[in-house]
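J.: Note that the working numbering has the sequence shown beginning at 212, numbered continuously upward.
These are computed hints drawn from the structure, not numbers from a lab.
You may find that some hints are simply not true.
To be verified - Straight-line distance between alpha carbons at most 20 Å, and here's what the computed DMTMM-like set of lysine to aspartate or glutamate pairs gives:
#, residue 1, residue 2
1, 567, 609
2, 563, 307
3, 623, 609
4, 623, 533
5, 454, 480
6, 563, 533
7, 623, 587
8, 367, 327
9, 520, 472
10, 520, 609
11, 520, 500
12, 536, 259
As the list claims (entries may be wrong) - Label pairs and their computed distance ranges (CB to CB):
#, residue 1, residue 2, range
13, 466, 607, 46 to 56 Å
14, 540, 222, 26 to 36 Å
15, 540, 436, 20 to 30 Å
16, 251, 431, 19 to 29 Å
17, 542, 261, 44 to 54 Å
18, 466, 494, 40 to 50 Å
19, 607, 478, 31 to 41 Å
20, 431, 342, 42 to 52 Å
Even glycine gets a Cβ: it sits at the ideal position worked out from N, Cα and C.
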Amino acid sequence: MNTQPITISAQTYRRFLLGKQGLYPGRRWQGKAGAAAAIRAVEAVQIDPLNITARNHDLTLHSRVLDYEIAHLDELAHQDRSVFDFGNLLFYYPIEDLPYFRPVMRWWVEHSHYREIGLQYADLIEQVRGEVRQHGAVGNRHFAGTARVESYRASKDTGLALRYLWLSGELITHSRTRFERNFAFSANVIPPEYQWTATDAQTLDRFTRKALSFAGIAPRTLWSRNIYALYERRHPQFESAIKGLIEGGDVVSVRIEGRKDVRYMLAADVPHLETLANGAIPAAWTPLETTTEQEVVFMPPLDIVTGRKRAFDVFGFDYLWEVYKPAHQRRWGYYCLPILYGDRLVGRFDPKMERKTRTLVINGFWLEDDFTPDADFAAALGRGLARFARFNGAASVDTGMIAPQMLQAQVKPFLT
């Protein structure tokens with residue numbers, strides 16, 4: 212067995228991570244069916260409630276799926292049941308993952324602090340079950356609550372009871388009303404083929420592979436951290452599972468030119484890596500319409516490729532989501548998004564949707580110091596802004612902050 216790392220260029224590294232996540236060389240899925248395929252391919256989509264333009268999960272799919280609409284994800288999750296949400300760090304996952312999450316759900320109520328909550332609120336939890344039986348689906352607003360609780364996830368005891376039942380897998384998100392979840396019994400809404408429960412060994416194997424697939428190419432620390440995120444805890448068999456995949460040849464090591472550390476990727480993805488290294492694009496990655504050279508993409512704030520300081524590792528791009536920083540400490544803006552052009556991050560902008568006037572306002576716009584915009588970039592930016600505006604329901608775009616002035620003038624014809 213060849214144990215020598217595959218050596219690749221920084222450009223191949225960037226392109227592979229982007230392509231693995233459906234971002235390069237352009238959108239290759241379309242419509243609702245495409246959104247479902249995208250979620251399966253990218254492994255998980257993080258949910259966030261902030262709605263400055265669109266929410267993070269919708270921006271994630273918009274960046275990857277042609278003609279994506281926000282209603283598509285709602286239908287996939289709550290009508291088609293092809294995706295579901297779960298976790299303390301909340302993500303949408305493909306429905307095929309649900310049986311493998313059931314051991315995690317069991318852990319929540321048998322070993323975490325929710326075990327004590329289950330004992331302490333046993334009578335209240337049974338009352339909440341009764342309300343779900345009677346009404347079919349209920350949300351937190353359905354309950355007045357009998358006491359306030361000190362919890363990051365709930366402010367009243369009935370909300371804590373609902374969360375307990377959801378984390379246990381007994382309830383699942385049935386629908387959303389103004390983004391607040393309504394819950395129903397899983398047994399009543401989940402398709403029969405996903406009602407089974409995986410063994411602990413099956414879950415460990417699936418999650419170890421899934422965690423690396425999600426990252427694309429990752430150092431061991433990131434790979435382990437992603438497994439941790441799936442399990443919500445440190446699993447005692449993490450290291451043996453990782454070691455087994457490496458020694459069995461299911462995972463190969465990778466080194467990026469100019470860097471000393473060794474990283475890992477799924478062996479099944481090596482053909483795509485080799486195609487990119489030879490200067491070609493994998494046939495399966497063929498875009499349906501424009502490429503990222505022809506139309507920029509605005510990266511969601513929590514995207515696995517660029518979020519949580521990964522933008523610097525992959526692109527040498529200094530990016531920090533500043534939404535939780537005090538205004539006087541922000542360098543870039545409240546909801547600043549990186550701009551993907553080709554296989555590079557060339558700048559960032561801070562958009563806000565003014566819904567009363569249906570205006571997409573650009574509060575700030577910054578290009579990287581080593582990037583000089585030309586006519587091709589202006590056209591790509593104009594097309595990206597036009598699509599972004601349509602997606603957000605904007606009738607107009609305030610481009611006053613785009614600089615230099617020549618770039619602003621070149622972009623405007625695309626927005627009329």
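J.: Next, verify each hint and record whether it holds.
T.: Hints, one by one, checked against the model:
Of the supplied pair hints, the one linking residue 567 and residue 609 holds, its CA atoms being roughly 14 Å apart against a limit of 20 Å. Simply put, residue 563 and residue 307 have alpha-carbon atoms about 35 Å apart, too far for the 20 Å limit, and the pair is violated. Between residue 623 and residue 609, the direct Cα distance comes to roughly 10 Å. Compliance with the 20 Å bound is thereby established for this hinted pair. For the proposed pair residue 623 and residue 533, the alpha carbon gap of about 28 Å is over 20 Å, so the pair is violated.
For the hint pairing residue 454 with residue 480, the CA-to-CA distance comes to about 18 Å; that is within 20 Å, so the pair holds. The straight-line distance between the Cα atoms of residue 563 and residue 533 is roughly 14 Å, inside the 20 Å bound, and the hint therefore holds. A C-alpha spacing of about 14 Å is found between residue 623 and residue 587, which places the hinted pair at or below 20 Å, so the restraint holds. Between residue 367 and residue 327 the alpha-carbon distance is near 16 Å, which keeps this suggested pair within the 20 Å criterion.
Our distance criterion of 20 Å between C-alpha atoms is met by residue 520 and residue 472, whose separation comes to about 17 Å. Our distance criterion of 20 Å between C-alpha atoms is broken by residue 520 and residue 609, whose separation comes to about 29 Å. With a CA separation close to 30 Å, the supplied pair residue 520 and residue 500 exceeds the 20 Å bound. Of the pairs offered as hints, the one joining residue 536 and residue 259 holds, with about 17 Å between alpha carbons and a cut-off of 20 Å not exceeded.
The hinted window of 46 to 56 Å between residue 466 and residue 607 holds, with their beta carbons roughly 49 Å apart. Restraint check, residue 540 to residue 222: a C-beta distance of roughly 34 Å satisfies the suggested window 26 to 36 Å. Remark: the range hint 20 to 30 Å for residue 540 to residue 436 is upheld by a beta-carbon distance near 26 Å. For residue 251 and residue 431, the hinted distance range of 19 to 29 Å is satisfied, since their beta carbons lie about 26 Å from each other.
Range check, residue 542 to residue 261: Cβ separation about 19 Å, and the 44 to 54 Å hint is violated. One distance hint, 40 to 50 Å for the beta-carbon pair residue 466 and residue 494, is violated here, with the actual separation near 27 Å. Checked against the hint of 31 to 41 Å, the C-beta distance between residue 607 and residue 478 comes to roughly 50 Å, which is inconsistent with it. For the hinted restraint 42 to 52 Å between residue 431 and residue 342, the CB-CB distance of approximately 46 Å keeps it satisfied.
In summary, the structure is inconsistent with hints 2, 4, 10, 11, 17, 18 and 19 from the numbered list given earlier, while agreeing with the others.
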